[in-house]
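Participant: Take a look at the letters that make up each chain.
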Amino acid sequence: MDALILLENTLNACVAGLVIGCIYGLMCVGLSLIFGIMRVVNFAQGDLLMLGAYAAFYLVVGWGVLAFLGPNTAPFVAAVLAGPIIFALGWVLHRFLLARVSGLRTAGSLDEGHFGQLIVTLGVALILQNGGQILFGSTPRAVTTPLSSSAWLIEIGIGDTTIFLNKARLIACLLSIAAVIGLWLLLDRTRLGRALRAAADNPTAATYMGIDVDRAHRIAFALGSGVTAIAGGLVATYLSFTPFMGLDFVVIMYAGVVLGGMGSLLGAFWGGVTIGFVQQFSALALPPQLQNAAIFVVFLLIVVLRPQGLFGRSADRA
Amino acid sequence: MLDITGLSVAYGGLRALSGVSLLVEEGQFVTVVGPNGAGKSTLFKAISGIVRPEAGGIRFAGEDLLARPAAARAHLGIAHVPEGRQVFKNLTVRENIEMGAYPEAGRQRWAETLERIHSLFPILAQRESQLAGTLSGGEQQMLAIARGLASAPRLLMLDEPSMGLAPAVADMIFDRISQIHREAGLTILLVEQRVAEALELADRGYVLETGRIVLEGPYQTLLSDDRVRRSYLGIGEED
Ligand SMILES: Nc1ncnc2c1ncn2[C@@H]1O[C@H](COP(=O)(O)OP(=O)(O)OP(=O)(O)O)[C@@H](O)[C@H]1O
Ligand SMILES: [Mg+2]
Chain A
7 MDALILLENT LNACVAGLVI GCIYGLMCVG LSLIFGIMRV VNFAQGDLLM LGAYAAFYLV
67 VGWGVLAFLG PNTAPFVAAV LAGPIIFALG WVLHRFLLAR VSGLRTAGSL DEGHFGQLIV
127 TLGVALILQN GGQILFGSTP RAVTTPLSSS AWLIEIGIGD TTIFLNKARL IACLLSIAAV
187 IGLWLLLDRT RLGRALRAAA DNPTAATYMG IDVDRAHRIA FALGSGVTAI AGGLVATYLS
247 FTPFMGLDFV VIMYAGVVLG GMGSLLGAFW GGVTIGFVQQ FSALALPPQL QNAAIFVVFL
307 LIVVLRPQGL FGRSADRA
Chain B
66 MLDITGLSVA YGGLRALSGV SLLVEEGQFV TVVGPNGAGK STLFKAISGI VRPEAGGIRF
126 AGEDLLARPA AARAHLGIAH VPEGRQVFKN LTVRENIEMG AYPEAGRQRW AETLERIHSL
186 FPILAQRESQ LAGTLSGGEQ QMLAIARGLA SAPRLLMLDE PSMGLAPAVA DMIFDRISQI
246 HREAGLTILL VEQRVAEALE LADRGYVLET GRIVLEGPYQ TLLSDDRVRR SYLGIGEED
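Chains as they are written, first to last, in the numbering used here: chain A, 7 to 324; chain B, 66 to 304.
Honestly, the hints are just simulated from the structure, not real lab data.
Just to be clear, a hint being listed does not mean it is correct.
[Claimed, not checked] List of simulated lysine to any residue pairs, SDA-like, C-alpha gap at most 25 Å: (1) A:173 / A:158; (2) B:154 / A:272; (3) B:154 / A:163; (4) B:154 / A:93; (5) A:173 / A:188; (6) B:154 / A:173; (7) B:154 / A:210; (8) B:154 / A:312; (9) B:154 / A:218; (10) B:154 / B:132; (11) B:154 / A:271; (12) B:154 / B:230; (13) B:154 / A:120; (14) B:154 / A:111; (15) B:154 / A:110; (16) B:154 / A:190; (17) B:154 / A:199; (18) B:154 / A:117; (19) B:154 / B:199; (20) B:154 / B:88; (21) B:154 / A:196; (22) B:154 / A:193; (23) B:154 / A:158; (24) B:154 / A:197; (25) B:154 / A:118.
[Stated by the list, open to error] Just a few of them, taken from the derived set where beta-carbon distance is under 10 Å, the chain B residues facing chain A: (26) 143; (27) 147; (28) 155; (29) 161; (30) 198; (31) 202; (32) 212; (33) 229; (34) 231; (35) 294.
From the three backbone atoms N, C-alpha and C, an ideal C-beta is built for every residue, glycine too.
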């Protein structure tokens, strides 16, 4: 009998890990896109995620402009719309702040501008967190949907072993996968995507080809912000949050991106999925306070054993 | 077509070019030679807009280039094949050539230029889906030239295309460059350390030393100049 319970728990952890992991994967992809193309480590990524969650909250609950869609649909439409809203914010942030400390402007300098970037992105993170607290208040919010407390049950036919598929999370997972595929197609198949990759690969040569590297970086930063914000909107459908939620997720994002090999988009996605698994499995054995600790341990193991990431090729950048 | 007057460039306090004037007429093949550190690459970077001159003017096809941002210059018809190739290492050979065709003119003439590139450098057709970073040095140089041609440029600037190549490969590259010039009548500005070959190809040549033009003229004049013979061709020391 115990064996059956163990089987059920393990299977459910697998499924939940995969489902949650896809959402983590999406937020990781946003961070990885910014790092991969701009070579900027964005410490404010978790706070862009937070803004995505609040954007969804205001669309559905706060101002309620999407409320007419009903509680089953509105939260997910809002999460998707958080993308373009935070894209616009990312555009502005790059235009007025990041562009001053990154891109061709700092390409030849001694530290490649990393010091300035660190200060700016950390500063933006602090402003967003505390500004968020002033604007949104510190009451925990949620974009509730009845779907988050209902599940599809799948009997697998061994004893009465049942797999629970939370409906809200599954929809969030499918939307995440769709967003990652869309982004990947954009980068791999379009002229814009090629220009972004060329700008990442060799900014000087890209300029010789007629690519405006600063603009390419702006697009990358805005896209990365928007993608992570969609993940934030999706998280908001099953978790309550405050303006400081970014702090929890930034750990997940960094772990995922490093696992996947810095700068590789699909690697970052699989890194996020792996973190989802680690988190759900650790939930079987560890109290909830220690789940982030488990992520850190895996993270450290990877850094020690496979610094190029689980899924990354060894970096071949000059 | 390209008219540079009194161009000066400094890196911090260090003067790399002082008062350089240079003229390339439409359809001409012009060569700039000079020792290491003379400022040849700096001249190209100023034309491409990567470095900002402190004085002087650059006009291209009647336009004031200095009023244009760097990224706009390729769209005017300037192709820069940089020193050290600088191919996009993580992009495929095909994608590199497609990046070359980023400007409108390149896109419009894509089919025709691609065919031409493949007939000039058949190896690039075979290596189409290989990552450019895994090509040999010679192949990367061919790709860098192909990428430049893909923009259907009005002026092709080549910075030391023979650098680091085996003599046979370098000869082949020179052959192709002269073929491009002859067949398409393309205007070419070439920087080279292999002075004899470079000057032989050219209609006109300039000798650049420590940031100044010290000699200029048609190639016969340069080849018969004592200083050029002594310093660059290693002949005439005894006379
Ligand atoms: N980014 C830079 N910062 C500071 N000094 C530079 C920079 N780039 C070039 N220089 C200096 O400017 C001078 C001219 O350099 P440049 O690269 O134009 O020479 P070159 O003629 O192309 O030499 P080579 O034949 O070795 O390529 C050199 O003294 C070089 O040290
Ligand atoms: Mg040089």
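Participant: Indicate, hint by hint, whether the structure satisfies it.
Facilitator: Each hint tested on the structure:
1. With a C-alpha separation of about 7 Å, the suggested pair residue 173 of chain A and residue 158 of chain A falls inside the 25 Å cut-off, and the hint holds.
2. Our distance criterion of 25 Å between C-alpha atoms is met by residue 154 of chain B and residue 272 of chain A, whose separation comes to about 19 Å.
3. As the CA atoms of residue 154 of chain B and residue 163 of chain A are separated by approximately 52 Å, the hinted pair breaks the 25 Å bound.
4. For the hint linking residue 154 of chain B to residue 93 of chain A, the alpha-carbon distance of about 29 Å lies beyond 25 Å, and the restraint is violated.
5. For the proposed pair residue 173 of chain A and residue 188 of chain A, the alpha carbon gap of about 23 Å is at most 25 Å, so the pair holds.
6. In summary, the hint linking residue 154 of chain B to residue 173 of chain A is not supported, as the alpha carbons are separated by about 44 Å, beyond the 25 Å threshold.
7. For the proposed pair residue 154 of chain B and residue 210 of chain A, the alpha carbon gap of about 13 Å is at most 25 Å, so the pair holds.
8. Of the supplied pair hints, the one linking residue 154 of chain B and residue 312 of chain A holds, its CA atoms being roughly 23 Å apart against a limit of 25 Å.
9. About 19 Å separates the Cα atoms of residue 154 of chain B and residue 218 of chain A, which keeps this hinted pair within 25 Å; it holds.
10. At most 25 Å may separate the alpha-carbon atoms for a hinted pair to count; residue 154 of chain B and residue 132 of chain B exceed this at roughly 31 Å.
11. Straight-line distance between C-alpha atoms of residue 154 of chain B and residue 271 of chain A comes to about 17 Å, which keeps the hinted pair within the 25 Å bound.
12. Pair hint residue 154 of chain B plus residue 230 of chain B holds up; C-alpha atoms about 18 Å apart against a cutoff of 25 Å.
13. For the given pair, residue 154 of chain B sits about 23 Å from residue 120 of chain A by alpha-carbon distance, which is consistent with the 25 Å threshold.
14. Note on residue 154 of chain B and residue 111 of chain A: the hinted pairing holds, with a Cα-Cα distance of about 22 Å set against a maximum of 25 Å.
15. A C-alpha spacing of about 19 Å is found between residue 154 of chain B and residue 110 of chain A, which places the hinted pair at or below 25 Å, so the restraint holds.
16. Distance check on the hinted pair: residue 154 of chain B and residue 190 of chain A sit about 19 Å apart at the alpha-carbon level, within 25 Å; holds.
17. Between residue 154 of chain B and residue 199 of chain A the CA atoms are separated by roughly 16 Å; this keeps the pair inside 25 Å, and the hint holds.
18. With a CA separation close to 22 Å, the supplied pair residue 154 of chain B and residue 117 of chain A stays within the 25 Å bound.
19. With a C-alpha separation of about 8 Å, the suggested pair residue 154 of chain B and residue 199 of chain B falls inside the 25 Å cut-off, and the hint holds.
20. For a cut-off of 25 Å, the pair hint linking residue 154 of chain B to residue 88 of chain B is broken: about 34 Å separates their Cα positions.
21. Restraint check for residue 154 of chain B and residue 196 of chain A: the C-alpha separation of about 18 Å stays at or below 25 Å, so the hint holds.
22. Annotation: proposed proximity of residue 154 of chain B to residue 193 of chain A holds, straight-line Cα distance about 16 Å (limit 25 Å).
23. For the hint linking residue 154 of chain B to residue 158 of chain A, the alpha-carbon distance of about 47 Å lies beyond 25 Å, and the restraint is violated.
24. Taking the CA atoms of residue 154 of chain B and residue 197 of chain A, the gap is about 18 Å. The hint holds against a cut of 25 Å.
25. Taking the CA atoms of residue 154 of chain B and residue 118 of chain A, the gap is about 20 Å. The hint holds against a cut of 25 Å.
26. Among the interface hints, the one on residue 143 of chain B holds; its C-beta lies about 9 Å from the nearest C-beta in chain A, closer than the 10 Å criterion.
27. Here the hint on residue 147 of chain B is kept, as its CB sits about 6 Å from the closest CB of chain A, short of 10 Å.
28. A least Cβ separation of about 5 Å between residue 155 of chain B and chain A falls short of the 10 Å threshold, and the interface hint therefore holds.
29. Evaluation of the residue 161 of chain B hint against chain A yields a held restraint, the C-beta minimum of about 8 Å falling below 10 Å.
30. The restraint placing residue 198 of chain B at the interface with chain A holds, with a minimum CB-CB distance near 6 Å, inside the 10 Å limit.
31. The interface hint given for residue 202 of chain B is broken, as the beta carbon of that residue sits about 14 Å from the closest beta carbon of chain A, more than 10 Å.
32. A least Cβ separation of about 7 Å between residue 212 of chain B and chain A falls short of the 10 Å threshold, and the interface hint therefore holds.
33. Look at residue 229 of chain B: its Cβ only gets to about 15 Å from chain A, farther than 10 Å, so that hint breaks.
34. Checking residue 231 of chain B against chain A by beta carbon gives a least distance of about 22 Å; that is not within 10 Å, so the hint is violated.
35. Interface hint at residue 294 of chain B: violated, since its Cβ lies 35 Å from the closest Cβ of chain A, which is beyond the 10 Å cut-off.
The structure fails to meet hints 3, 4, 6, 10, 20, 23, 31, 33, 34, 35 from the earlier list, while all remaining hints are met.
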